[in-house]
Amino acid sequence: GQNIDQPTEMTATEGAIVQINCTYQTSGFNGLFWYQQHAGEAPTFLSYNVLDGLEEKGRFSSFLSRSKGYSYLLLKELQMKDSASYLCAVRERYSGAGSYQLTFGKGTKLSVIP
Amino acid sequence: DSGVTQTPKHLITATGQRVTLRCSPRSGDLSVYWYQQSLDQGLQFLIQYYNGEERAKGNILERFSAQQFPDLHSELNLSSLELGDSALYFCASSVTGGDYYNEQFFGPGTRLTVL
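These protein sequence lines are chains U and L, in that order.
Residue numbering for the first sequence is 6 to 119, as defined by this note's numbering.
Residue numbering for the second sequence is 19 to 133, as defined by this note's numbering.
Looking at chain U on its own, in the form it has when it is part of the complex (with noise of 0.2 Å):
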């Protein structure tokens, strides 16, 4: 079974950094995803990491401490239009050849103001 903590809601100012950690307890690890959901809409796929370390893709990183049960999802130079719900999940082994299962933590509501 899995653990996994984020923070319930958050609020920041538009052009600012922003970091939304993740804590996780899991056993067969193979995997941290981050997703961004906006509200009544699908998530959409933001990084990977199954590496310690940190994944940079445009404005948005994404860190992975394995040692830990760690993660964060920095957004930098926030714009309004990143008002969204962000998912952290886990991808674990499943008990059976070849097949895994994500687990999603319940979300950080990040609010952009002016």
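Please note that a few of the clues may not be correct.
Computed list of lysine-lysine pairs in DSSO-like fashion (alpha-carbon distance at most 27 Å, straight line) [what the hints assert, rightly or not]:
(1) U:Lys86 to U:Lys114
(2) U:Lys111 to U:Lys86
(3) U:Lys111 to L:Lys27
(4) U:Lys111 to U:Lys73
(5) L:Lys75 to U:Lys86
(6) L:Lys75 to U:Lys111
(7) U:Lys114 to L:Lys27
Incomplete in silico selection of chain U near chain L, CB under 10 Å [what the hints assert, rightly or not]:
(8) Gly36
(9) Thr49
(10) Tyr53
(11) Arg96
By construction, these hints were calculated from the structure, which means they are not laboratory data.
All residues carry an ideal CB built from backbone N, CA and C; glycine is no exception.
Add chain L to chain U, keeping to what the hints say.
Only chain L this time, still in chain U's reference frame:
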């Protein structure tokens, strides 16, 4: 647009009824995943199919069942519906269900309301 399609977009029904949700994966994707998203529980994995076979099972109730057909589309059947089944149901697809990095692409969802 992820390339994953789901129908219907909205569904309103009564307690005790049965409904079927449909999903067509992206062209070339062999795996289909079903998720339930309610306000208090977040996004919960229900079940995965890979090339017609059940591959993984999450928190799926016995009243719920799914299948994947030879053309790779999938259906999620929900029966004896209860008020608590009201939620957004998402389908996602990926190329494989296998060992390596395997991004899931989500469909637009079906919003189910049970009255």
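Against the structure, the hints:
At most 27 Å may separate the alpha-carbon atoms for a hinted pair to count; Lys86 (chain U) and Lys114 (chain U) meet this at roughly 13 Å. With a CA separation close to 21 Å, the supplied pair Lys111 (chain U) and Lys86 (chain U) stays within the 27 Å bound. In summary, the hint linking Lys111 (chain U) to Lys27 (chain L) is supported, as the alpha carbons are separated by about 23 Å, within the 27 Å threshold. For a cut-off of 27 Å, the pair hint linking Lys111 (chain U) to Lys73 (chain U) stands: about 20 Å separates their Cα positions.
Restraint check for Lys75 (chain L) and Lys86 (chain U): not satisfied, since their Cα atoms lie roughly 35 Å apart, outside the 27 Å limit. A hinted pair counts as satisfied when its Cα atoms are at most 27 Å apart, and Lys75 (chain L) with Lys111 (chain U) qualifies at roughly 20 Å. Proposed proximity of Lys114 (chain U) and Lys27 (chain L) is supported: the alpha carbons are some 24 Å apart, at most 27 Å. The beta carbon of Gly36 (chain U) comes within 7 Å of a beta carbon in chain L, closer than 10 Å, and the hint placing it at the interface holds.
The beta carbon of Thr49 (chain U) comes within 7 Å of a beta carbon in chain L, closer than 10 Å, and the hint placing it at the interface holds. A hinted interface residue such as Tyr53 (chain U) counts as satisfied when its beta carbon comes closer than 10 Å to some beta carbon of chain L; here the least separation is about 6 Å, so the hint holds. The criterion of a C-beta within 10 Å of any C-beta in chain L is met by Arg96 (chain U), whose closest approach is roughly 8 Å, and the hint holds.
Violated hints amount to a single one, hint 5; each of the other numbered hints is respected by the structure.
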